[in-house]
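So the sequence lines, in the order shown, correspond to chains A and B.
In terms of my numbering, the first sequence opens at residue 27 and continues consecutively.
In terms of my numbering, the second sequence opens at residue 215 and continues consecutively.
Treat the hints with care, since some could be wrong.
Label pairs and their computed distance ranges (CB to CB) [said to hold, decoys possible]:
(1) D43/A x I226/B: 32 to 40 Å
(2) P289/B x R131/A: 37 to 45 Å
(3) M254/B x A111/A: 35 to 43 Å
(4) R48/A x Q261/B: 22 to 30 Å
(5) S69/A x K221/B: 37 to 45 Å
Within a straight-line C-alpha distance of at most 30 Å, the following computed DSS-like cross-link-like pairs (lysine-lysine) qualify [to be verified]:
(6) K216/B x K240/B
(7) K271/B x K163/A
(8) K81/A x K271/B
(9) K175/A x K59/A
(10) K81/A x K221/B
(11) K221/B x K240/B
(12) K81/A x K216/B
Hints in this document: simulated from the structure, not taken from any laboratory.
Because the structure is a prediction, the values reported are computed rather than measured.
Where a beta carbon is used, it is the ideal one built from N, C-alpha and C, also for glycine.
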Amino acid sequence: MIYAQHFSAEEFRDWADDMSPRLVTMLDVLRFKLGSPIAVSGSEYALGRNLGRGKMSEHNIDEWGEVLAVDCFISGVYSRQQAEAVAHEAEQIGFTGIGVYSDTRNNQGQEQVMFHLGVRPNELMGSPATWGRISGKYTSLMAAVQSLKAG
Amino acid sequence: MKNYIDKSTREIYAYESDGSQDAFIKEGLVPISDEDLAAMIAPTTEQLLSQLSAARKEQERQGVTINGIRYAGDPGNRQALQEAIALMDDAGLTEFESWKDSDNIFHANHPLADVRDAYRAIGARRSQLIAAEGEYAAQIIAGILTDLTETEVVWP
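Let's have the full structure, built from the sequences with the hints guiding it.
Next up, the structure:
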């Protein structure tokens, strides 16, 4: 795995050698810009997946040849305003796939908003594909953000 | 079948796998696997979203059935229903002397209440369909939904 100031290879578990260097670098920049630790979700689906060709998930290493996305929690980010700020910063940095999940629990088992951050090559920086999930139902990113409690 | 691609034009060629058509394989074609072929012809996000929208509109067009009579839900019929209801309300009438339904069958003394119920039901169904389309669209954008077969997409 390429060098990152704020991440070690262990954090990407068995997928460390398959991580997109672009993704790791952008996560590193996001971590620097936010000033808050980013924890990769403990879910087995948070990094790479083997879904076969034709499945366009950024996690699907069979399609992209590398892991293009992580599902993660950002320390201290729970509220609507905080989540919106993170999504905005992620878009500014140039992530091209941004998902906000308001129905998730963090690695300590507490309810916390989870972010999908990806670098799919078929979208442009500044114009990412965005989506959200509320209670298991997929929706717009903004609807998921709005479903969080106000700070 | 054996699949080949012309890399200059991106055209795909398929030949019998028993070799009987090998003589026709053009020079310069590059063999590709079934997996690669499937990935190459998979619809794009934009195509999937367009197909999804078309599928939702088709569901809408089917409309609703009230007391055995179908009322189509396409935009033209929604407008016609609205106009018919407004006309009857203005005239203070409660029955249509003759009603032509969406399957071209005529009904005498058709109750306005049924037409009003149908119009409301079409609106409610349209709302449900749009909500479902929104959810499926988000799944397509997320890369989770990659085909719109009946097993993957179920309309309310």
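Taking the hints in turn, this is what the structure says about them:
The supplied range of 32 to 40 Å is met by D43/A and I226/B, whose beta-carbon atoms lie about 33 Å from each other. As the Cβ distance of P289/B to R131/A is approximately 44 Å, the hint placing it in 37 to 45 Å holds. Between M254/B and A111/A, the C-beta spacing of about 40 Å keeps the proposed range 35 to 43 Å intact. Between R48/A and Q261/B the C-beta distance comes to about 26 Å, which sits within the given range of 22 to 30 Å.
Evaluation of the 37 to 45 Å hint for S69/A and K221/B yields a pass: the beta carbon distance comes to about 39 Å. A C-alpha spacing of about 13 Å is found between K216/B and K240/B, which places the hinted pair at or below 30 Å, so the restraint holds. As the CA atoms of K271/B and K163/A are separated by approximately 21 Å, the hinted pair is consistent with the 30 Å bound. Note on K81/A and K271/B: the hinted pairing holds, with a Cα-Cα distance of about 26 Å set against a maximum of 30 Å.
Taken as a hint, the K175/A and K59/A pair is honoured in the structure, with Cα atoms around 24 Å apart against an allowance of 30 Å. Under the criterion of a C-alpha separation no larger than 30 Å, the hint pairing K81/A with K221/B is consistent with the structure, at around 23 Å. Restraint check: the Cα-Cα separation between K221/B and K240/B comes to about 12 Å, which is no more than 30 Å; the hinted pair holds. Of the pairs offered as hints, the one joining K81/A and K216/B holds, with about 23 Å between alpha carbons and a cut-off of 30 Å not exceeded.
The earlier numbered hints are all upheld by this structure, with none contradicted.
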